[in-house]
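Enquirer: Sequence:
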Amino acid sequence: MLQKLKRLGSYLIIIVLLPYVITVFMNGQAVPASKTVDTMQVKAERDGKEMDVPLEDYCIGRMAKEIPVSYEKEALRAQAVLVRTTVYTQIKDNGSQTVFNDGYWTNDDMREQWGSGSYRKNYNRLKNAWDDTEGQVLMYGEQLAYVPYCRLTNGNTRDGKEVLGSEDYPYLKIKECPYDIESREQIQTKILDDMEVSVTETDTAGYVTSVQVGDESMSGEEFREKYKLASGSFVLQKYDGKLRVTTRGVGHGLGLSQYSANKMAKDGKTYDEILEYFFEGTELKEVADIVNSTE
246 MLQKLKRLGS
256 YLIIIVLLPY
266 VITVFMNGQA
276 VPASKTVDTM
286 QVKAERDGKE
296 MDVPLEDYCI
306 GRMAKEIPVS
316 YEKEALRAQA
326 VLVRTTVYTQ
336 IKDNGSQTVF
346 NDGYWTNDDM
356 REQWGSGSYR
366 KNYNRLKNAW
376 DDTEGQVLMY
386 GEQLAYVPYC
396 RLTNGNTRDG
406 KEVLGSEDYP
416 YLKIKECPYD
426 IESREQIQTK
436 ILDDMEVSVT
446 ETDTAGYVTS
456 VQVGDESMSG
466 EEFREKYKLA
476 SGSFVLQKYD
486 GKLRVTTRGV
496 GHGLGLSQYS
506 ANKMAKDGKT
516 YDEILEYFFE
526 GTELKEVADI
536 VNSTE
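Each residue of the sequence shown is one higher than the one before, starting from 246 at the first, in the numbering used here.
FYI, nobody ran anything at the bench for these hints, they're computed from the structure. Please read all numbers here as calculations on a predicted model, not as lab measurements. Watch out, some of these pointers could steer you wrong.
Claimed, not checked - Derived BS3-like pairs (lysine-lysine); straight-line CA-CA distance at most 30 Å:
| id | residue 1 | residue 2 |
| --- | --- | --- |
| 1 | K294 | K337 |
| 2 | K511 | K420 |
| 3 | K471 | K294 |
| 4 | K530 | K337 |
| 5 | K366 | K318 |
| 6 | K406 | K310 |
| 7 | K420 | K435 |
| 8 | K471 | K418 |
| 9 | K483 | K471 |
| 10 | K420 | K406 |
| 11 | K418 | K514 |
| 12 | K310 | K418 |
| 13 | K511 | K366 |
| 14 | K473 | K406 |
| 15 | K310 | K288 |
| 16 | K435 | K473 |
| 17 | K420 | K530 |
| 18 | K288 | K473 |
| 19 | K406 | K337 |
| 20 | K310 | K372 |
| 21 | K372 | K511 |
| 22 | K337 | K420 |
| 23 | K471 | K406 |
| 24 | K471 | K487 |
| 25 | K288 | K366 |
| 26 | K530 | K372 |
| 27 | K473 | K310 |
Starting from the given sequences, assemble the full structure and let the hints guide the process.
Expert: In structure tokens, the structure reads:
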């Protein structure tokens, strides 16, 4: 019993100190230590308005919006770590003034999307993934890792140096994702009005990095976003007076493929193994480790 009480006491200290731990460890601005992680309020933008939302609610809401809730438990756990790492990075960069403008679902949104009958079961799947990875973030050396993710790739993830133009992300390497090629969403076609356009450059993974549209040059991602394409991996073809765009994958292709992560989980991979595959050389760290490093 005494040992259990000691563990409980240590746990409570960690929870209470976590906002300050984030500050000390990442050189960010202070968050009042009287607020625990579960009840700490953050500002999130929704419909053009800023709202105060419990940190946990916001993060679970992001998971609900960004990954299929039917995915395997280990894939959901991996996603929870990525969301937590991303959120803590934003807090590090902007301190107490952080306003999260990435989309998330409220509980009402979840009920609407899943139906009242499935809401509780689906919410608990995400909540369990969040709780099972409590306090865990991905680090590269002494820094929080940059941990992008997408729905599925064109068969390979992209190289961080090529995409970001920096040597700071050596853990973002090209990784094979053969599962992604099997997805029903792998190949999609969109018909656009005809225009003078050509792909002028692609990266090693096959994603378009530069497009010439008339006299204008833009990046592949700018073109993707402008014309609402499924992926930045695409080919262009004149077709019956129109422009046919055939895409491969869904999303930007950098970092973790959620589809592959789910397939890896089905094959028995754990969330830490999944994260190590996509972010090679990074390390999972827990709140307790951060506390110990600041003592």
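Enquirer: Looking at the structure, which of the earlier hints fail to hold?
Expert: Those not satisfied: there are none.
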